[in-house]
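Q: Chains as they are written, first to last, in my numbering: chain A, 1 to 405; chain B, 1 to 405; chain C, 1 to 405; chain D, 1 to 405.
Calculated from the structure, these hints are not laboratory results. Among these hints, one or two may not hold up.
Heads up, the list lumps identical chains together, so a pair's fine if it works in one copy or across two of them.
[What the hints assert, rightly or not] Derived DMTMM-like pairs (lysine to aspartate or glutamate); straight-line CA-CA distance at most 20 Å: (1) K31 with E50; (2) K133 with E160; (3) K103 with E50; (4) K31 with E332; (5) K352 with E76; (6) K137 with E76; (7) K53 with D149.
Number of protein chains: 4
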Amino acid sequence: MPRSTGVRGFLERLDRGPVIGDGGFVFALEKRGYVQAGPWTPEAVIEHPEAVKQLHREFLRAGSDICQAFTFYASEDKLKNRGHGAGNHGVYAINKAAVEIVKECTYPEGGLVAGGLSQTPTYITTLNKDLVKAEVKKQLEVFKTEGVDLMICEYYEHVEEAEWHVEAVKEFMPGVPVCVSLCINETSDVHGVPTGECGVKLARAGADVVGINCHFDPFRCLAATKEMVAAVKKAGFDKVHFMIQPLGYMTPDASVQGFIDLPEFPFALEPRVCTRFEMMRYAREAYDAGIRFIGGCCGFEPYHIRALSEELSKERGGYMPVGAVNYGKFLEKHTKPWVRARASKEYWQTLKPGTGRPYSASLSRSDQWGVTAGHELVKQHEEETTKEELESGLAFKKQIMKEAI
Amino acid sequence: MPRSTGVRGFLERLDRGPVIGDGGFVFALEKRGYVQAGPWTPEAVIEHPEAVKQLHREFLRAGSDICQAFTFYASEDKLKNRGHGAGNHGVYAINKAAVEIVKECTYPEGGLVAGGLSQTPTYITTLNKDLVKAEVKKQLEVFKTEGVDLMICEYYEHVEEAEWHVEAVKEFMPGVPVCVSLCINETSDVHGVPTGECGVKLARAGADVVGINCHFDPFRCLAATKEMVAAVKKAGFDKVHFMIQPLGYMTPDASVQGFIDLPEFPFALEPRVCTRFEMMRYAREAYDAGIRFIGGCCGFEPYHIRALSEELSKERGGYMPVGAVNYGKFLEKHTKPWVRARASKEYWQTLKPGTGRPYSASLSRSDQWGVTAGHELVKQHEEETTKEELESGLAFKKQIMKEAI
Amino acid sequence: MPRSTGVRGFLERLDRGPVIGDGGFVFALEKRGYVQAGPWTPEAVIEHPEAVKQLHREFLRAGSDICQAFTFYASEDKLKNRGHGAGNHGVYAINKAAVEIVKECTYPEGGLVAGGLSQTPTYITTLNKDLVKAEVKKQLEVFKTEGVDLMICEYYEHVEEAEWHVEAVKEFMPGVPVCVSLCINETSDVHGVPTGECGVKLARAGADVVGINCHFDPFRCLAATKEMVAAVKKAGFDKVHFMIQPLGYMTPDASVQGFIDLPEFPFALEPRVCTRFEMMRYAREAYDAGIRFIGGCCGFEPYHIRALSEELSKERGGYMPVGAVNYGKFLEKHTKPWVRARASKEYWQTLKPGTGRPYSASLSRSDQWGVTAGHELVKQHEEETTKEELESGLAFKKQIMKEAI
Amino acid sequence: MPRSTGVRGFLERLDRGPVIGDGGFVFALEKRGYVQAGPWTPEAVIEHPEAVKQLHREFLRAGSDICQAFTFYASEDKLKNRGHGAGNHGVYAINKAAVEIVKECTYPEGGLVAGGLSQTPTYITTLNKDLVKAEVKKQLEVFKTEGVDLMICEYYEHVEEAEWHVEAVKEFMPGVPVCVSLCINETSDVHGVPTGECGVKLARAGADVVGINCHFDPFRCLAATKEMVAAVKKAGFDKVHFMIQPLGYMTPDASVQGFIDLPEFPFALEPRVCTRFEMMRYAREAYDAGIRFIGGCCGFEPYHIRALSEELSKERGGYMPVGAVNYGKFLEKHTKPWVRARASKEYWQTLKPGTGRPYSASLSRSDQWGVTAGHELVKQHEEETTKEELESGLAFKKQIMKEAI
């Protein structure tokens, strides 16, 4: 497999050129029927391993160099949240199965395996560093025992929690490269720490790779990551690398908390799905910005990763994934002559795709919740959501919602 | 599995209530990396059987009652067209593998298996009935030998070719129920035969189920199928059933040849992907129109079939697929209170999803090729497309393109 | 004034080539502050004659050949409707002032003067031919006494009322050419009489010119007028001419009663205002369809008429109105070079103007009232609208509103 | 006339409460046929005084307190630019006629009269302070002789030129209140001076009122003016008032030079025209931001000023203009019951008007010229634009145009 350079080390690979990540598993597997929207937890690694493996294989086939164990939200406090049954499998069993699965698929293809952490309910509910680290270490124990090539800590709205997670990995799994990404926009984290400064804090906490994932579209994530690149370089961290794993949805109108605030989240995001040409543009701009770990998150399907892989073919030693569109070259085999005539780069690069939705507007008015950390309403618990909670959430929303047209 | 009524016969099932089909395989597997855009042929049944099986399993999990063997475009003349290598496997091997795979997945779940025919290049190139039937019978031989529960003849732009295929099935596989669907709009087939009249012709040719598939969105396919329902009933065919398998893309602006004429075809259709709520509305309207075989085609992902299944749960004995969204009930477990507040039927039913694309228009100007049958430019051949062909296609397009604003 | 051919007769002018009408007065003068939205009556001819004259002058300057006396809705029953004070001036005084004003402005410029009738509340309230004709004759008396070059009967939703008005004019003002236009779409009048058939009925009633005005955009009015052209010609009325006076608003989404049913009517139609290039295209297509009396209605400003006049310059003996844009030739004098570079025909003809409104959809869901004639709710009376009437209107709307997406 | 408080002094009026300005004359009169697009010069004051008077009267009727003499671009260097014939009337005659006309219309209604200056070609061509002031004083001589209540210096892209104009007025017409507004966005002037700092510079130059006009929509002009309010207050200029006279077009997508850079400028801006409800929201937000001189510029029609006047009725002593819509109260008299049902405040405030343009996108890609001052291409001259100039403009555009999607 040409994209594999024979080099084992993750950081060495980053130094040599771009590495391609995979896409998000929870949204892709929800569409396929193996993840429940709402809890978004990864019990499928135990209940439907074949479906998880198939998705790993597809991302690898599309060109992923790094595959993440499907351990998103697999912390014990989250698995048990609000009466969700995923907790019955236990944090150990879920994380272990995830690592075994990803290894089985990835190593034969020459890829590397990443263990994964993400935000914990414990942080937002307690804001207590010791409790958060204790929670995190339950997952790390599995990754340490099973062995992984790198760790990805991802999807934090508050840089503080991310720092704590990075610290925990450095303490508990010394020597393993640590990547960390926040799900924030080009301005600041949800506590108001400027995005560039967040990058510096994470570098200072010991991360080898810092960046942005989820919540915003490729181009807004690019803007945010560029803030980090500039600030981290200015702060003198010359060896730190950068990563980006954006949504596969266009979100020019998303506010602080990204696509979650959009009224279409999570079941009507379809019109926002990125085309492969938008993805190719994203890959090029990310590479040109000096970002070397380039992947995707929620909304990415295998063909989106394939587009990244195709765009950066030259930079990855000429590796071209199976099914690359080559700007429509295969359309030359189409049965209709006018479709064959679309087989050109200029055609697809300049097309602004029609939406087919004359009753839809371009932009939506986002919910604009500025607070989260420590607020009563966002605390998690093991009981089911009550009707009273739902109602108080609506009342609060009315109270703080900015007057918008 | 509650959706299985214990009744074996396809037509008996239709008489009892709605049966749900599956979605299209070529577009879904192109995104996953196993089908090549352009030729759209099903050699994956031999080269990547696991990927094909996984997709069958997902549709079944979503609630499909009828699964089609992945034999789209698997006629010998198409497999060999324009230098495409799929022909090397041979028409027999491909169709046989497809039937074996679909049986392995479907029967344990209580579903039925359909063999499949689709339009052949021989028709458009020769307009010769004997040659077309000869081509068709190469596939039918496999279906007859292997055994299928029903035949689906689909994706015809000219009712004449569809009639010939139906006749061939009736002659060659007597006793097997025959479904037939055209990929035409609410007006007429590409030769100008009114849509309702097409339905009557197909009933007269002996089809047990007639209808529409592909090329147009669910609501335009509904309009077309309703034309058939009215005409076929009026013509006195009381036992004929109706089927519908539309695109999973919104295409209010598509002209004669449907989404193929849209400038976004086939690589930038993303903004047009239907939401599951649009799918639920489609399922309800189809059922209310008396259509009993309800499925999907290109653009359908497993969650789209799941939406049909969920909407018609009551009509199918209360069967509810795993992962049904129940209008967002599981959002009550989401970590953000304002997302939990979206857990209502009214919210999702009335939402007009933002497109996130302020530089895109709602509608596109379709190519508007009115001719196909017999025209020199649309004839197929085994050689690669030449540069001269591409250029003459563009010149012809300019000549006949209607002046449009 | 070159556009004046020296020929006095209206019908003779039509035979020689296209004549240009003016635009609607009620919408233009509402924006200027002299007409009240809601009643839309023309008491300004008495209360603010200078404002009315100025608008006549502007349309003439833009190239109008035919100017209408501002007598829209100036029937006695309408002037007195629902407590509106315009009735105090009296039907005679208003119609007389309107004719005097239009003559003062028009004759010095070589134009012709049209008296005007429009739909009466008496029709919809009584459906009684004698009562309707009696009402109409109050206005005709003024036109007969004062003298006009032609009569324009316009803005009828029911062809029946239009026929009665035409008959009344023929009886009462023999020898005066009669034009008549309906405000209906390409399908039928509000009673369901097909549009083409409406044209034939009006020709049979004695009209010299038949056509369409108001309620729909130029291109939908064109489609409707073409229906009339085909049917009237087929019925053998070789001497009948055709007229068109559409809205200056784009209304692809308007239903039976046109822009009145759009949720934006009447105060938020701004995004729909036609550009002058859309107007030029309309003028060309109207001329090519054999329509010879080409003008405008609500939403037309003087520069819209100027665009018609500019487009048909060659067909009108080379007459070019002051201020013709000549596809932006004067932009060559603009201070910014990139604006000067827009001085080309191709630029303006192909531009799809951005809407500047990312929170607005392209299409609106129209109200869809299919009934009007004779229904209790649409009857007029001299008293103010009561609260009960408002509420019963809403209830009725809910009852009959078609299920819409 | 109730809006007149009996107070003569302009600044005293501002201290007491909001004063309403008028709208722009060049765009309004271009549509009516009296101004030529491209040069945009005011020779109509001599050639068509009745048309100019009528527009003044309409703005007054709509509620304007302050009327500007129509002297836009009436500097000698501009009148003579690029072979434009307006120069033949002479700078003195044009400015004198403009003042006489505005006085005749305004004083009987209790309004105040403003003389007007705007940017001169001399600035951009020479960047020489003495030459600019000499040019300006030719106009000031007329205003001084004829007498005006205040001076409005407006439409500057470079704060430096605006400062020079303010200085010239203070020197030459001591004691006359001076208002000054820039046509820049919320970021900076075209030379990069931050918008807030521009405000401070103008206050320091002696302006009594500072603010923003033209080039951007009401809400972007508000954002820019708020920058000035904050900076000027912070700098301690407690007596300085603020003004705002935005476009009547929505321009969320305009770049540095505002609507001029939009591809629709100047002939296809129609879909962007503001509704009266957008205007009412603008008036309220401007008042709430402490701005006391509130008017309009290009794109404003009399009914737009009427909307401002209606919204601020209470703050102006209860004065309500003729034709105020009162959120559709008069619709209660409409002949259709469902239109009568739109007679509510909530209806019109929450409506997002459909654009009627399914082939148009929401946003356009602006030209993005960052340079102007001193650049060879933007220098003015008395000769006609040559073909070479046009071509070099296009070449330059390609060179500097930012790569945009």
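Q: A separate judgement is required for each hint: does it hold in the structure or not?
A: Against the structure, the hints come out as follows:
1. K31 with E50: both (15 Å within a copy, 19 Å between copies)
2. K133 with E160: within (12 Å within a copy, 58 Å between copies)
3. K103 with E50: both (14 Å within a copy, 19 Å between copies)
4. K31 with E332: Result: close only across copies, 19 Å inter versus 31 Å intra.
5. K352 with E76: Classified as neither: same-chain Cα gap 45 Å, cross-chain 37 Å, threshold 20 Å.
6. K137 with E76: Within one copy only: 10 Å inside, 59 Å across.
7. K53 with D149: within (19 Å within a copy, 31 Å between copies)
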